[in-house]
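Q: The lines below spell out each chain.
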Amino acid sequence: MSDTTHGPDRKERNAWFEADARLKRRHLADKRLRAYGIAAIVFALGMLATLVGTILITAAPAVTQTMVTFEVEVPEGSVDPANPSGGSYQTMLNASIARIFPDVDTPRELRELRQLFSNGGQYQLRDKILADPSLIGKTVSISFPMSDIGDQLHKGVIDRNLPPDFRRVNDTQIAWYDVLVERGQISSPLNWGLLFNADSRFPELAGLRGALVGSFFALLVCFLVSFPVGIAAAVYLEEFAPKNRLTDLIEVNINNLAAVPSIVFGLLGLAVFLNFFGMPRSAPIVGGLVLSLMTLPTIIIATRAALKAVPPSIREAAIGVGASKMQTVGHHVLPLAMPGILTGTIIGLAQALGETAPLLLIGMNAFITAAPDSMFNPSTALPTQIYIWADSPERGFTSRTSAAIIVLLGFLVCMNAIAIYMRKRFERRW
Amino acid sequence: MKLKSLTMAATVAVAALSVAGVAHARDQIQVVGSSTVFPFSQAAAEQFANETGSPAPVVESTGTGGGMKIFCGGVGTGHPDVTGASRAMKLSEYELCTSNGVTDITEVLLGFDGLSMAVSRKGKQLDVSKAQLFQALAAKVEVDGKIVDNPFKKWSDIDPSLPNAEISVMGPPPTSGTRDAWVELVMEEGCKTFPAIEALDKDAHKETCQRMRTDGPFIEAGENDNLIVQRLESDPNAYGIFGYSFLYENQDKLQGIKVAGVEPKEETIADGSYGISRPIYFYVKNAHRGVIPGLNEFVTEYTSDEAMGPGGYLEERGLIVLAEDRRAAVQKAAKDAVNMPAPKK
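Residue numbers (the numbering used here), protein chains in the order written: chain H, 17 to 446; chain S, 2 to 346.
Note that these hints are calculated values from the structure, not bench results.
Treat the hints with caution; some may be incorrect.
[Claimed, not checked] Covered stretches of chain S (chain H as the covering partner; in silico rule of three or more C-beta atoms under 8 Å from a C-beta of chain H):
hint : segment
1    : 47-60
2    : 104-116
3    : 320-328
4    : 334-341
[As the list claims (entries may be wrong)] Capping the alpha-carbon separation at 16 Å, the derived lysine to aspartate or glutamate pairs in EDC-like fashion look like this:
hint : chain 1 : residue 1 : chain 2 : residue 2
5    : S       : 336       : S       : 96
6    : S       : 254       : S       : 268
7    : S       : 141       : S       : 158
8    : S       : 91        : S       : 167
9    : S       : 147       : S       : 199
10   : S       : 125       : S       : 190
11   : S       : 123       : H       : 187
12   : S       : 254       : H       : 125
13   : S       : 125       : S       : 199
14   : S       : 266       : H       : 175
15   : S       : 254       : H       : 332
16   : S       : 346       : S       : 128
Cβ atoms here follow ideal geometry from the backbone N, Cα and C, with glycine treated the same way.
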């Protein structure tokens, strides 16, 4: 009797317990899942912070450039006013350096002294005289970079407390440097040269101008080619093409093309543009064309998505009032899809800006000490410039490589920010 | 409106394409070639551009073999004018050149470059012979007159006088000219001290002498020498192989190990007492002289005493300069555009 009354009760209670335990387990699993997610995010952010942090710390010495100021006498008659570029500016510079260190006279010591100063000083003096020939016969004050070792010494990258065998500068050089510091001839202003100088074999003179201009031309070509072609292809596929096997095949291929490794496009560019069409090596035009091959699928896919997002009612209304298919697309669908298309294009171009591998194959990793005047002149691009600097033995390039990476990252962040802003600002919800 | 601007853009793009397709005259000198010669070509190019005000030459680092391939591609503005090499041109490359119409080439021996094996300042200095380096790094070595897979794991296994530490050496990959030079100057030389290996027939001998071990102690560390420097710094037991200029620039962090008792230094490389140094060449396409503006002046600048002479700016970048009489001969040949004979091998 009691069994029959207690039986279901106990069963019920057991069921309750079981349900309770199950619920607890499910909540635990839920919490665990959330914890895994948070751990993954923390891990990813930690990696990112380490990466950016290391780059920032390494780049820090490149923010300033140690400069030295000298009063240089340009004697009358030492420079021919008719041909001022032929003057012996190094001699004048050496004379004014020698005035400060009169007791340095052996060739070996003179050479060691000159090692402290950049080779660029004489050209700076020359350019100053070229710009203003009336300075001949006067004393000119020029401020030019210390050499790499002078710069590293000033920034403390070279530790002067190490034994002489362990460092690039010897004790006399440090003593000379100290004299210059005492005389107030050393300063360390912001390193604008990093952005505005062209490349150089001397880290203290090397800058990104050639790379920035080269990247600009390459992206311009890339945009001019891939934007119209991409939109034309997408509009045709989305609005005009019949749905059949062939268009399916094309669609699959476009999607696959977006996933092809970039080095393959580089090989293609080498074979087609350089070897077959005979285009100039290392030129931004070729770089731009290769990059446009890579950007095209991205733009086509983005454009098709944007076109799909325009509701059919717009098209039907346009056709309803008698617009032709072309008018429908040109006057209504495409303008409405434009924000989405532009967002996709900018993201595609940002990808192209950071691409290195294809540019290496078409020779855009060359050393050129001048920025290109046009898209047909040889030049480097930002990522390839980083590649070249990373491989250079001089210590000054270590920090400059990281600084160049920051410049590249800065451009990428800006481009992506513009894309996000445009999407937020102009995108229409239907 | 939108469509019109699109059509415009497309037309501009097509126009740009067709303009680029037309072969164009080139006013910059083009230099390709070995990554070892790259810093020297850079220096000469920058000096040349600064001094003459001519358009800056385009210097590209393609590796010795890659440079030869492009250089020998033909005559005309589409092909480079100068290529650098960290070894002499091979017969096969010369034949490729001739078959493409590049028959008049001047060979310029620029100087020498030392190869060094280095370790962190915190690590142990080593004094090894080439034979011991061969024993440490080859895939197969001679033990008791038999040729066996390399059994040596520690330096002290090779010779009890060497430190009791794991062998760990980072070096360049086979695509690198530095690797070719290391094999030629160290491995093949070291090989000669072992009678059983010397007794092998030609192919087997070559194979045994040239193959680096792949069981761990030798690590291929990629072409970027700065990366090897960083890794040596963090691991004081590891040794690294690279060009002398990298050791020179990083002497606060690294020390060069002694080979047969001699430390790598400018003086010891120049006088030949340090045994691992290789010649550095560049090749000039004579058909381009007088066609590409400034090429003659560039070659003159590159071979001037201010560049390749003692105290010149190439020496500052790590070049070991030639003795005076040899240098004068090289300078004369470069100036007079003397064609090189076909290489012997």
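Q: Does each hint fit the structure? Answer for all of them.
A: Hint check results:
Using a Cβ-Cβ cut-off of 8 Å, 9 residues of the segment 47-60 of chain S lie near chain H, which meets the minimum of three, so the contact claim holds. For a cut-off of 8 Å, the count of residues in the segment 104-116 of chain S with a CB near a CB of chain H stands at 0, and the three-residue condition is violated. Here the segment 320-328 of chain S counts 0 residues with a CB under 8 Å from a CB of chain H, which misses the bar of 3, and the coverage is violated. Counting residues of the segment 334-341 of chain S whose CB lies closer than 8 Å to any CB of chain H gives 0, so the stated coverage by that chain is violated, three being the minimum.
For the proposed pair residue 336 of chain S and residue 96 of chain S, the alpha carbon gap of about 24 Å is over 16 Å, so the pair is violated. Of the supplied pair hints, the one linking residue 254 of chain S and residue 268 of chain S is violated, its CA atoms being roughly 21 Å apart against a limit of 16 Å. Between residue 141 of chain S and residue 158 of chain S the alpha-carbon distance is near 15 Å, which keeps this suggested pair within the 16 Å criterion. For the hint linking residue 91 of chain S to residue 167 of chain S, the alpha-carbon distance of about 38 Å lies beyond 16 Å, and the restraint is violated.
With a CA separation close to 12 Å, the supplied pair residue 147 of chain S and residue 199 of chain S stays within the 16 Å bound. Restraint check for residue 125 of chain S and residue 190 of chain S: the C-alpha separation of about 24 Å exceeds 16 Å, so the hint is violated. Straight-line distance between C-alpha atoms of residue 123 of chain S and residue 187 of chain H comes to about 23 Å, which puts the hinted pair past the 16 Å bound. Taken as a hint, the residue 254 of chain S and residue 125 of chain H pair is broken in the structure, with Cα atoms around 25 Å apart against an allowance of 16 Å.
At roughly 32 Å between alpha-carbon atoms, residue 125 of chain S and residue 199 of chain S are farther apart than 16 Å, so this suggested pair is violated. At roughly 22 Å between alpha-carbon atoms, residue 266 of chain S and residue 175 of chain H are farther apart than 16 Å, so this suggested pair is violated. Between the alpha carbons of residue 254 of chain S and residue 332 of chain H the distance comes to roughly 73 Å, so the proposed pair goes past 16 Å and is violated. For the suggested pair residue 346 of chain S and residue 128 of chain S, the alpha carbons sit about 34 Å apart, so the restraint of at most 16 Å is broken.
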